[in-house]
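Residue numbers for the sequence shown, in our numbering: 164 to 367.
Keep in mind the hints are simulated off the structure, nothing from the lab.
Some clues are possibly wrong.
As the list claims (entries may be wrong) - Distance condition first, Cα-Cα at most 30 Å in a straight line; then the derived DSBU-like pairs of lysine-lysine:
hint, residue 1, residue 2
1, K298, K339
2, K339, K192
3, K230, K173
4, K298, K335
5, K313, K335
6, K173, K313
7, K173, K235
8, K339, K313
9, K313, K192
10, K192, K173
11, K339, K173
12, K298, K313
13, K230, K313
14, K230, K335
15, K192, K235
16, K335, K173
17, K298, K173
18, K298, K230
For clarity, every value in this text was computed on a predicted model and none was experimentally measured.
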Amino acid sequence: MQLSHHVQSKRSVYFVLDCAFEQYEWFRKCREFIHSTFEDLNDQDYFGLLHLQEGSLYNILLEEAGKNREMKRNVLDSFMNLDIEGKIKRRNRVAVWMEEVIFASRALPITTINYRGSIYEDPAKWVVVFIGSFKDLFNLQGMETGSDPKTNLLIVCMTNETIDEESVEYVKQLIKMTNQGGFLIGRYNEADQMDDQGFEDKVD
164 MQLSHHVQSK RSVYFVLDCA FEQYEWFRKC REFIHSTFED LNDQDYFGLL HLQEGSLYNI
224 LLEEAGKNRE MKRNVLDSFM NLDIEGKIKR RNRVAVWMEE VIFASRALPI TTINYRGSIY
284 EDPAKWVVVF IGSFKDLFNL QGMETGSDPK TNLLIVCMTN ETIDEESVEY VKQLIKMTNQ
344 GGFLIGRYNE ADQMDDQGFE DKVD
């Protein structure tokens with residue numbers, strides 16, 4: 164049983180958001196989730212956002228959510244109204260940017276907590292990645308989370324593409340390097356309706 168969420172008092176969530184989804188609705192739902200997560204964080208928690216559109220004005224460096232909170236809220240509010248349907252220029256290689264945000268998460272100041280003989284680190288660290296193609300999973304080969312399994316990695320692939328089992332298998336191994344990581348596939352039948360299966364958990 165995981166006790167860390169009962170012991171740790173702070174959270175760190177750094178989002179990586181793709182800009183190349185098959186359907187615009189998926190991009191909208193990701194933004195809604197990011198926005199609601201920010202609003203749920205306490206001022207002492209950490210929040211960051213990396214949008215993979217080249218030249219994006221909606222990136223937020225990882226820092227305490229309460230620092231310039233209203234400015235962050237304004238950026239996210241503007242991001243919610245962004246309409247980028249059609250072709251856009253995207254940053255190269257998702258893996259490079261994922262490694263960057265993982266490094267930033269690992270660099271946060273931590274407090275060590277000894278609870279009943281077990282050691283925990285505060286804040287609980289999460290890197291959450293929304294991507295729009297299995298091709299990006301293939302590009303993750305050779306990437307490592309480093310020697311710190313406490314930076315948890317959650318990858319959500321939102322696509323109707325045929326599952327690339329080779330890439331999925333690699334990502335499952337990558338996820339298992341972290342204590343509480345996960346890999347999900349989001350399937351939609353229509354732009355505004357998720358099918359009955361919803362997210363398929365691909366981590367054994």
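Tested hints:
1. At most 30 Å may separate the alpha-carbon atoms for a hinted pair to count; K298 and K339 meet this at roughly 20 Å.
2. For the suggested pair K339 and K192, the alpha carbons sit about 26 Å apart, so the restraint of at most 30 Å is met.
3. This hinted pair checks out: K230 and K173 have alpha carbons roughly 15 Å apart, not beyond 30 Å.
4. Under the criterion of a C-alpha separation no larger than 30 Å, the hint pairing K298 with K335 is consistent with the structure, at around 15 Å.
5. For the hint pairing K313 with K335, the CA-to-CA distance comes to about 16 Å; that is within 30 Å, so the pair holds.
6. At most 30 Å may separate the alpha-carbon atoms for a hinted pair to count; K173 and K313 meet this at roughly 14 Å.
7. The straight-line distance between the Cα atoms of K173 and K235 is roughly 19 Å, inside the 30 Å bound, and the hint therefore holds.
8. For the proposed pair K339 and K313, the alpha carbon gap of about 11 Å is at most 30 Å, so the pair holds.
9. Note on K313 and K192: the hinted pairing holds, with a Cα-Cα distance of about 27 Å set against a maximum of 30 Å.
10. Between K192 and K173, the direct Cα distance comes to roughly 25 Å. Compliance with the 30 Å bound is thereby established for this hinted pair.
11. With a CA separation close to 23 Å, the supplied pair K339 and K173 stays within the 30 Å bound.
12. Annotation: proposed proximity of K298 to K313 holds, straight-line Cα distance about 27 Å (limit 30 Å).
13. Restraint check for K230 and K313: satisfied, since their Cα atoms lie roughly 24 Å apart, inside the 30 Å limit.
14. Taking the CA atoms of K230 and K335, the gap is near 35 Å; set against the 30 Å cutoff, the hint is violated.
15. Distance check on the hinted pair: K192 and K235 sit about 19 Å apart at the alpha-carbon level, within 30 Å; holds.
16. Distance hint between K335 and K173 is fulfilled; the C-alpha atoms sit about 27 Å from each other, no more than 30 Å.
17. Of the pairs offered as hints, the one joining K298 and K173 is violated, with about 34 Å between alpha carbons and a cut-off of 30 Å exceeded.
18. Proximity of K298 to K230 is assessed by CA-CA distance (about 36 Å); at most 30 Å being required, the pair is judged violated.
Checked against the numbered hints given earlier, this structure breaks hints 14, 17 and 18; the rest are met.
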